[in-house]
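Please build the complete structure, drawing on both the sequences and the hints.
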Amino acid sequence: MSHSPCGGQALLLASFGVLVTAISGHAQISLPPAGESGIVEKSLRQSQPEFRPPLEKPPEMVIEDSRSLEDPGAGPTFVVKRIKLEGNTLFSDEDLAPFIDMGDSLKVTLGILNLMANEITHHYVQAGYILTRTFIPAQRIENGVVKILVVEGTLGDIEVFDNERISTEAILDRMQPVRDEKILREQTLTRVLLQMNDALGFEVKTVLKPGSRVGTTDMALKVKETRPYAISLDADNFGSRFTGKLRMGVTAKVGNIFALGDRFSMRAVKSNEDQLFLNLSFDYPINNYGTRVGLSFIYSDFILGDSLAPLRAAGDSALYTLNVTHPFYRSRSAEFYLTLGGEYREFRNSDLFGPTSDDQLADVFLTAGGLFTDAFQARTYYALRLQQGFTEGDLSDPLNSRNLGSGEVLIASLSIKRYQKAFIGKSYFIIRGNFQWANDRVLSADQFAIGGFGTVRGYPLAEFAQDNGLAVSLEYVVPFPFKVALTDNPKMKTLDQLVSFFGFIDHARVYAIDPQPGEVNREITGVGFGIRVNIPPWSPASPSFSLTTSIGFPEFVKTEPSDRSDHTFYLGGMISY
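End of the sequence shown sits at 586 in the working numbering; the numbers just go up one at a time, nothing left out.
It is worth saying that the hints were derived from the structure and are not from the lab. Virtual Cβ for every residue (Gly too), placed ideally from N, Cα, C. Everything hinted at is true.
Once the Cα atoms are required to be at most 20 Å apart in a straight line, the calculated DMTMM-like pairs of lysine to aspartate or glutamate come out as: (1) Lys-93 x Asp-104; (2) Lys-435 x Glu-484; (3) Lys-93 x Glu-103; (4) Lys-93 x Glu-151; (5) Lys-430 x Asp-383; (6) Lys-567 x Glu-528; (7) Lys-156 x Asp-104.
Beta-carbon label-pair distances, calculated as ranges: (8) Gly-210 x Glu-168: 19 to 25 Å; (9) Arg-174 x Asn-530: 52 to 58 Å; (10) Leu-419 x Thr-163: 45 to 51 Å; (11) Pro-552 x Ala-106: 57 to 63 Å.
Encoded structure:
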């Protein structure tokens with residue numbers, strides 16, 4: 010909700026002016042960015058409500074060890090001049106020498122030798138070889154030389170327990186990368202378990218125990234199956250005044266339909282005016298190494314209202330996407346993936362006189378993305394995308410959505426989001442950045458749009474758009490300062506875990522390539538504050554609730570909002586099950 014000084018009179022005058030302009034010169038009509046089908050579709054996705062993603066839940070691994078602790082000083086002493094290592098292939102004798110240095114000679118006990126063996130084992134484990142064990146084998150000591158045996162550890166049998174819907178064969182197939190390693194590394198096992206636990210309604214716990222064969226370790230996979238679907242309902246007032254500020258959405262996901270880890274997703278959004286958005290996607294694992302193929306279809310249509318209603322302007326869009334994603338690295342604290350794909354996109358606009366634009370864009374894209382944590386107790390998500398178009402290169406086409414715009418353009422975009430601990434209580438910063446560079450003038454669908462929730466709060470949605478741009482945001486979040494229990498149930502969260510306050514400053518700029526008459530580089534800034542409430546499910550059958558409310562104020566020194574508002578109130582909520 011925003012305040013406008015002239016209310017209905019301003020709307021009436023603006024509508025009359027638009028109609029007169031339309032009748033007097035149809036070819037010269039220029040809709041605001043929020044009225045173009047490509048920008049409408051993009052800004053709707055851009056302004057979706059978002060909440061802090063949970064930390065990656067590490068897979069549970071239990072390593073059973075049959076050894077018992079011994080007193081290093083117990084037992085008889087004897088003189089050792091040198092220790093001879095056997096069985097080590099991953100680390101040379103020189104690498105392990107610091108753990109077994111005897112000097113000229115040393116009087117030791119069996120317990121001391123076992124401590125040395127444990128240090129070697131620890132060195133292997135630190136390097137990720139968690140199955141390695143080091144022993145003092147039964148031997149006759151001759152000339153002061155003691156043998157220490159390093160068993161670098163190979164995987165023996167794998168058994169699966171407690172699975173019902175997912176077959177044992179499907180689970181064992183996903184363990185193939187683990188079997189492929191001659192000497193198992195923890196990083197490989199962790200990556201495979203994280204990928205399996207991504208599946209909806211599926212979680213696996215691993216127990217490693219001494220194998221039935223000497224030098225091997227057997228693995229037990231204990232499966233926990235829950236519902237393989239998720240559904241959420243959301244509502245907000247983040248929309249455009251031209252297509253409806255109030256929006257209601259539903260998101261549904263179902264997994265493991267044809268294979269462990271596949272996923273079908275659907276999202277639909279309807280505004281309180283004439284705007285509809287539908288996104289269908291299917292994601293399927295094509296091998297046991299994390300490679301996935303994805304299909305996506307997006308449809309959107311709208312009829313413009315508010316001051317543009319007399320034009321009877323409308324638009325629709327359809328996007329078809331095929332991509333392949335492969336994770337090259339994944340651990341508990343970091344991830345890196347590449348996505349290669351292609352798109353075909355259609356954007357059409359019309360008004361009471363007929364079609365005004367018709368863009369048919371085809372492109373290929375490469376995305377490099379992931380996340381990492383660092384020594385500053387921060388978690389950073391990033392995605393770099395390169396996109397090359399191949400169609401709509403005719404600059405003279407009268408149905409191009411933008412004068413001298415082309416679809417045969419190279420576009421580079423970068424998005425960054427960082428959650429940084431503030432080292433003051435439990436407070437933290439959220440730092441966001443979105444950037445776009447194009448090598449030539451683009452059509453409307455590929456413009457960088459700024460304004461509204463998702464870029465600069467306090468301004469109308471998609472207030473401005475040009476070829477290149479940036480949008481940055483700094484948000485300071487402070488959880489409720491007191492630990493207040495809401496119920497006697499110890500499993501329920503306390504108030505400091507549910508409620509947080511935040512303040513923000515948003516800034517964005519857009520730049521036109523070869524500016525045409527009426528095109529101006531723009532710069533806008535918004536500030537504000539708000540509150541978030543996140544209530545997790547209190548039982549396996551309970552839903553979770555999320556609510557955010559904030560107020561944004563435009564900074565008037567550079568640019569006044571087109572709706573003449575001095576503030577904008579935002580409210581959004583979600584129920585997830």
